[in-house]
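Full structure from sequences and hints, please.
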Amino acid sequence: MALVIDDLPAAIRQAKKELRAALPNYREVFAEVEAAIGAQAKAIAAQRDRGENVIPEIQFSDIAEGRVSAEQIALVKSRGACVIRNVFPRAQVESWDEEIAHYVERNRLDKRLENRAEDKYFGQLASSKPQIYGVYWSKPQVLARQSTPLTTARVFLNKLWRAESEGRVHFDPERVPVYADRLRRRPPGSASLGLSAHCDGGSVERWIESNFRKVYRHVFAGNWHDYDAFDAAYRTDVEEIASPAVCSMFRTFQGWTALTPQGPGDGTLQLVPIANSMVYILLRALQDDIADDDLCGAMPGRALSIRPEYHAPLFEALSSIPKMQAGDTVFWHSDVIHAVEDEHKGAGFSNVMYIASAPACAKNDSYLKRQLPSFLRGASPPDFPADNFETDFEGRATLDDLTPMGRAQLGLDL
1 MALVIDDLPA AIRQAKKELR AALPNYREVF AEVEAAIGAQ AKAIAAQRDR GENVIPEIQF
61 SDIAEGRVSA EQIALVKSRG ACVIRNVFPR AQVESWDEEI AHYVERNRLD KRLENRAEDK
121 YFGQLASSKP QIYGVYWSKP QVLARQSTPL TTARVFLNKL WRAESEGRVH FDPERVPVYA
181 DRLRRRPPGS ASLGLSAHCD GGSVERWIES NFRKVYRHVF AGNWHDYDAF DAAYRTDVEE
241 IASPAVCSMF RTFQGWTALT PQGPGDGTLQ LVPIANSMVY ILLRALQDDI ADDDLCGAMP
301 GRALSIRPEY HAPLFEALSS IPKMQAGDTV FWHSDVIHAV EDEHKGAGFS NVMYIASAPA
361 CAKNDSYLKR QLPSFLRGAS PPDFPADNFE TDFEGRATLD DLTPMGRAQL GLDL
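Note that the numbering used here numbers the sequence shown so that position 145 is 145, with each residue one more than the last.
Just so you know, the hints here were simulated from the structure itself, not pulled from any lab data. One thing to keep in mind: the hints can contain errors.
What the hints assert, rightly or not - Pairwise CB distance ranges (calculated):
id: 1; residue 1: ARG50; residue 2: ALA386; range: 18 to 26 Å
id: 2; residue 1: ASP400; residue 2: ASP226; range: 33 to 41 Å
id: 3; residue 1: LEU399; residue 2: GLU52; range: 45 to 53 Å
id: 4; residue 1: LEU113; residue 2: ILE73; range: 35 to 43 Å
What the hints assert, rightly or not - 27 Å max Cα-Cα, derived BS3-like pairs, lysine-lysine:
id: 5; residue 1: LYS159; residue 2: LYS17
id: 6; residue 1: LYS17; residue 2: LYS323
id: 7; residue 1: LYS77; residue 2: LYS363
id: 8; residue 1: LYS77; residue 2: LYS214
id: 9; residue 1: LYS42; residue 2: LYS363
id: 10; residue 1: LYS42; residue 2: LYS369
id: 11; residue 1: LYS369; residue 2: LYS159
id: 12; residue 1: LYS77; residue 2: LYS159
Quick caveat: nothing in here was measured; it's all calculated off a predicted structure. Positions of the beta carbon are idealized from the N, C-alpha and C atoms, including for glycine.
Structure follows, in structure tokens:
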């Protein structure tokens, strides 16, 4: 179900009244959080400035052969992100990139983009025009989603979470449903086509909706040290405000697969690699310098913006991901702050397929039932603007392109 809020300012005032009453020492708790998270951010910034990688890197072969160490897993869970190298052979991905280019060109996507539905989701962000195309059903996208290597990687990521807690089993990590998402094709020299820092998967809901509050129960109780960003309790029960481009599935990690080489300066992804940074964001909005009907500028049905005037300590840790090769993937926890560099100063296209990691649960199975007709028609999926560009595209994927795993992941067997 979607959350409906008729009077948002009143709902925010009521939520803040309740949360402050339940945590009367909210000022002192936030001061403690600010010191701890700030120190974490400074340590990451120092490591980055020394030229060291701050995003953990794992070889896919180590995942496939069960060689990922406990130390590597602990670092991924602390940073809330990882790069997985060599998921796909480079030659295969280069072929996919060429096929996608041919697919969008022969179907004249450029002409259709002139009439695309306005995507207001990123509209409040200072940088808000990433070159993301409403293409979901090209054959390379479908083949990548259903592939054995990427499925193996996503099962590994799902298993980093606590799938059972609070006396309940929240999801099945072994089943990986498809969340069909878009493409980014960014030419060299493009400027002001990034995204400023934000989080997805809920904005004002995090303070207002009852199950979101349960997700962050330890934070709002002042026991922030007990908060585990990888505990799935109540995350499969939350209700988001419906809006184009608001994800209504539970994703353990957002992610993309590199179709071309790209790195810092190439208009690429930036992360604040602190898995528990949401603790800071949630408590910051309760402080006395924020108006009673404001949540640090959070808006319904939009990305949750992270702003220097409210969240300055977090920006110290904002770091570009390392150099990626075609076939590498990057994943970040669904609560991790991320951005996209404004300028692409590199020499080649910076292209990616957005493919997240999601586990099987009732919330996600429900979405699959709504998404399946979109695949069959070539329409835009339910969570996205209804451009429906691909309904008559020549060469899009069909049922004949699905493997048994692909059929299961799209919910054809539900």
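Hints versus structure:
1. ARG50 x ALA386: 18 to 26 Å: At roughly 47 Å between Cβ atoms, ALA386 and ARG50 fall outside 18 to 26 Å, so the hint is violated.
2. ASP400 x ASP226: 33 to 41 Å: violated, 50 Å
3. LEU399 x GLU52: 45 to 53 Å: holds, 47 Å
4. LEU113 x ILE73: 35 to 43 Å: Check passed, 41 Å falls within 35 to 43 Å.
5. LYS159 x LYS17: The hint is violated at about 37 Å.
6. LYS17 x LYS323: violated, 46 Å
7. LYS77 x LYS363: Cα-Cα ~24 Å, so holds.
8. LYS77 x LYS214: holds, 21 Å
9. LYS42 x LYS363: Since the Cα atoms of LYS42 and LYS363 sit roughly 37 Å apart, the hinted pair is violated (cutoff 27 Å).
10. LYS42 x LYS369: Outside the cut-off at roughly 45 Å; violated.
11. LYS369 x LYS159: holds, 24 Å
12. LYS77 x LYS159: holds, 11 Å
Hints 1, 2, 5, 6, 9, 10, counting from the list given before, are not met by this structure.
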